[in-house]
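Full structure from sequences and hints, please.
Each chain, letter by letter, is given below.
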Amino acid sequence: MTVTRREMLAATAAALAAPLVSPGAAGAARAAQAASVAPKFFTAPEFALLDQLSELIIPTDEHSPGARAAGVAAYIDGRLAESLEPDWQASWRAGLAAVDGLSRERHRKPFLEATPDQQVALLTELAAQDGFFGELKSWTVRGYYTSKIGIHVDQEYKGNVYQRGEFAGYDAT
Amino acid sequence: MTLVRVAPPLSQDVDLSKTYDAVIVGSGAAGGMAAHVLTSRGLKVLMLEAGKKLPIEQELRSMQWPYDHPRRGDAPPGSHHLSFNEYTIRKPPYAKGAAFKHVYSYVGGWSGSDYVKNILVDEKDHPYTGTNYAWVRARCLGGKTNIWGRLALRLSDYDFKAKSHDGYGEDWPISYADVEPYYDKVDLYLGISGVKENLPHLPDSRFQRPSKLNFGEVKLRQSLKKTGQVLTPYRAGVTTDGLKHNRYRSKCYGRGACDRRPGGCDIHAVFDSPTGLIYPAMDTGNLTVRPNSIAHEVLVDKNTGRARGVAFLDSATRKSYEAKAKVVILAASTLESARLLLLSRSPQHPNGLGNSSGHVGHNFCEHVMGPGVTGLIKELVGKPHTLDDGRPGGFYIPRFRNLKDRQPGFIRGYGYEGNSGHSMFPAHVMDTPGFGGPFKKAVRDHAGAFISMGAFGEVLPRYESHVDLDPAVKDAWGIPVLRFHYQFSDNERKMAEDMVATGREMLEAAGIEVVGTDDKVLTEGWSIHELGTARMGNDPKTSVLNQFQQSHDVPNLLVVDGSSHVSASCQNPTWTIMALAWRSCEHLADEFRKGNV
Numbered sequence: 002m003t004v005t006r007r008e009m010l011a012a013t014a015a016a017l018a019a020p021l022v023s024p025g026a027a028g029a030a031r032a033a034q035a036a037s038v039a040p041k042f043f044t045a046p047e048f049a050l051l052d053q054l055s056e057l058i059i060p061t062d063e064h065s066p067g068a069r070a071a072g073v074a075a076y077i078d079g080r081l082a083e084s085l086e087p088d089w090q091a092s093w094r095a096g097l098a099a100v101d102g103l104s105r106e107r108h109r110k111p112f113l114e115a116t117p118d119q120q121v122a123l124l125t126e127l128a129a130q131d132g133f134f135g136e137l138k139s140w141t142v143r144g145y146y147t148s149k150i151g152i153h154v155d156q157e158y159k160g161n162v163y164q165r166g167e168f169a170g171y172d173a174t
Numbered sequence: 077m078t079l080v081r082v083a084p085p086l087s088q089d090v091d092l093s094k095t096y097d098a099v100i101v102g103s104g105a106a107g108g109m110a111a112h113v114l115t116s117r118g119l120k121v122l123m124l125e126a127g128k129k130l131p132i133e134q135e136l137r138s139m140q141w142p143y144d145h146p147r148r149g150d151a152p153p154g155s156h157h158l159s160f161n162e163y164t165i166r167k168p169p170y171a172k173g174a175a176f177k178h179v180y181s182y183v184g185g186w187s188g189s190d191y192v193k194n195i196l197v198d199e200k201d202h203p204y205t206g207t208n209y210a211w212v213r214a215r216c217l218g219g220k221t222n223i224w225g226r227l228a229l230r231l232s233d234y235d236f237k238a239k240s241h242d243g244y245g246e247d248w249p250i251s252y253a254d255v256e257p258y259y260d261k262v263d264l265y266l267g268i269s270g271v272k273e274n275l276p277h278l279p280d281s282r283f284q285r286p287s288k289l290n291f292g293e294v295k296l297r298q299s300l301k302k303t304g305q306v307l308t309p310y311r312a313g314v315t316t317d318g319l320k321h322n323r324y325r326s327k328c329y330g331r332g333a334c335d336r337r338p339g340g341c342d343i344h345a346v347f348d349s350p351t352g353l354i355y356p357a358m359d360t361g362n363l364t365v366r367p368n369s370i371a372h373e374v375l376v377d378k379n380t381g382r383a384r385g386v387a388f389l390d391s392a393t394r395k396s397y398e399a400k401a402k403v404v405i406l407a408a409s410t411l412e413s414a415r416l417l418l419l420s421r422s423p424q425h426p427n428g429l430g431n432s433s434g435h436v437g438h439n440f441c442e443h444v445m446g447p448g449v450t451g452l453i454k455e456l457v458g459k460p461h462t463l464d465d466g467r468p469g470g471f472y473i474p475r476f477r478n479l480k481d482r483q484p485g486f487i488r489g490y491g492y493e494g495n496s497g498h499s500m501f502p503a504h505v506m507d508t509p510g511f512g513g514p515f516k517k518a519v520r521d522h523a524g525a526f527i528s529m530g531a532f533g534e535v536l537p538r539y540e541s542h543v544d545l546d547p548a549v550k551d552a553w554g555i556p557v558l559r560f561h562y563q564f565s566d567n568e569r570k571m572a573e574d575m576v577a578t579g580r581e582m583l584e585a586a587g588i589e590v591v592g593t594d595d596k597v598l599t600e601g602w603s604i605h606e607l608g609t610a611r612m613g614n615d616p617k618t619s620v621l622n623q624f625q626q627s628h629d630v631p632n633l634l635v636v637d638g639s640s641h642v643s644a645s646c647q648n649p650t651w652t653i654m655a656l657a658w659r660s661c662e663h664l665a666d667e668f669r670k671g672n673v
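Chains as they are written, first to last, in the numbering used here: chain A, 2 to 174; chain G, 77 to 673.
Accuracy of the hints is not assured; some may be wrong.
[Claimed, not checked] DMTMM-like, lysine to aspartate or glutamate: derived pairs with alpha carbons at most 20 Å apart: (1) G:K172 x A:E86; (2) G:K288 x A:E167; (3) G:K596 x G:E573; (4) G:K459 x A:E63; (5) G:K517 x A:D62; (6) G:K301 x A:D172; (7) G:K517 x A:E63; (8) A:K149 x G:E573; (9) G:K459 x G:D521.
[To be verified] If you only want the chain G side, here are some residues facing chain A, beta carbon under 8 Å, derived: (10) T164; (11) V294; (12) K327; (13) Y329; (14) G330; (15) A333; (16) T462; (17) D464; (18) P502; (19) M506; (20) F511.
It is worth saying that the hints were derived from the structure and are not from the lab.
As the structure is a prediction and not an experimental result, all values here were calculated from the model.
Using N, Cα and C, we set each Cβ at its ideal position, and we do this for glycine too.
So, in structure tokens, the structure goes:
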């Protein structure tokens, strides 16, 4: 089966309608809603924070829905929930806590209550450091570009189909 | 859809009371070919495979979308694939003390590990010791041919007569003219795709329809042409036109799953030993296959010293059995065949079977890999996305070093494998800095605009590069394991430097901006092209096998896999392994008919 970009866009029209950067509290509420099933590993506040961070990394734009619509937080939550590596699990809890910690340090409020500009500034600061941001980005892109939205809508990938006759490309000679 | 959907032949009852004409140990490219040739000549053959006969289509699931897999392709928790770091900073056995339930070699890597978990061996059950080595083993019917990289190349007299050319090592006891007819047979029987280039150092095959190049690859090809160099479409061991004589294999439909996973093709357009060789051989009625059979000794007749059969364990029941045969053919892989010879000690053969020369396990060689370059094709940035990966491979740049020139730093040569264009996952994503809207757009705009290539270079065979049996460590079945004494030398390191510098020059000359270079040499073994532990030669004092892969010491013992190779060449070995096995087994069948065996 192939999902065309058009079909996928229609299916995710609601996500597309969202502003480019969701304002804090409202975004968190939407995230909690989006996670129709309760997170398996993260607490609800942790999950909402992760969902917002993933969307900041790969936001919805005019071309395609972002990480939130692609369910990236749920994917990461699922992988952590079944993991047998306590160190890895702990590093995610600690990483999210540190994001909130930095926000409190800079703005005296948790990350999700910071303004969109403040959130971007905080993430920019984290991106400049070695540490959690790399892990966060790695798993966000992994989740996004292996999702239906990532493959079909954003990347408009055309392969994984039975081709008939001549294949695409140029003859060597 | 005209896909072939013929069920594999049913498993058979194995009669171990009878003496077979030949018993073959191993079912990969070499064992499969031996079975094909001998059964088509009417010999009654028993094949022993250490691993299972897998429902391979269910393992490979070539067209499964990542999002239809619960872990996007990854194996379940508790499974671990070794990383480059682990191979480098630790010593074998790599799985020793690991907290994971299963440990596998690096193959599988990024989101493909669930598709190979039953194909690769669990390193916990199959330890080895000694120097660092990334040893990839596939214990199942067909072995590594189930997931091979498909690049199907011929060797030339630059390889067979390499010593005559530069003075190093030994010439093979055969020349290209001896092997050429058998390369042709392999091409026609199994199918190969490519373009004729008329190169003396990379002879053309009997090609079916080639795959096409994309924009960036054509650009590089045209640039290289100006300096007399060649970039040719991937010469793939894939049937693109179909094979009328084989009902188990479909032709290629360009589905593009080939590079997304560790390999494997669930419609078998890519050659694999079971559908290409073993099932048709079973259909002759002359081949019996016994999976789950771990060979641990070649048995010899006490009086004559000749091989009389193979002792093996059933991997499930651990019961011991003997298979009796007039000829024993080892095709267990370069390293496992050497191990089996070393394990087969007897009063007549105290150093291991066929080892009067002391060369079994020695002259071990392979390909060095890792170094490569990535370029950005500016014309493609921001262009609509196209279908570029619907083909079994990208391109190959054949060897160009030390043909007419003499490099100051190293002898022999290397070739590049590479590709350009779109793939399902935008591999450049982690190298794209930042986050947010600009990041997302940059990933999208640059997708498909890269070209990358990595080199495979010839590793020189040296007597001191060898494997032997570890005196203490045993595998899960109580069989002594291999101990490695093997490291790259200065020739490989100098060659690796040239791979990066020359790759950069090639891209720049084509007007392609170099955006990444990798000068890291991957761990020994990474190429999965291990060769040369029981080399052929005319002198029984310095070689293990004659030109027909027959033991100098034990005439009814053949070793038909990569262990027979005298040098590694820089061309991928699978097609040569099969051409040589065909030649040797045809010779064997002739001798058999004459009553000489």
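Each hint tested on the structure:
no. : hint            : in the structure
1   : G:K172 x A:E86  : 18 Å, holds
2   : G:K288 x A:E167 : 9 Å, holds
3   : G:K596 x G:E573 : 9 Å, holds
4   : G:K459 x A:E63  : 17 Å, holds
5   : G:K517 x A:D62  : 9 Å, holds
6   : G:K301 x A:D172 : 15 Å, holds
7   : G:K517 x A:E63  : 10 Å, holds
8   : A:K149 x G:E573 : 41 Å, violated
9   : G:K459 x G:D521 : 7 Å, holds
10  : T164            : 21 Å, violated
11  : V294            : 5 Å, holds
12  : K327            : 11 Å, violated
13  : Y329            : 4 Å, holds
14  : G330            : 4 Å, holds
15  : A333            : 6 Å, holds
16  : T462            : 6 Å, holds
17  : D464            : 7 Å, holds
18  : P502            : 6 Å, holds
19  : M506            : 7 Å, holds
20  : F511            : 4 Å, holds
The structure shown violates the earlier hints numbered 8, 10 and 12.
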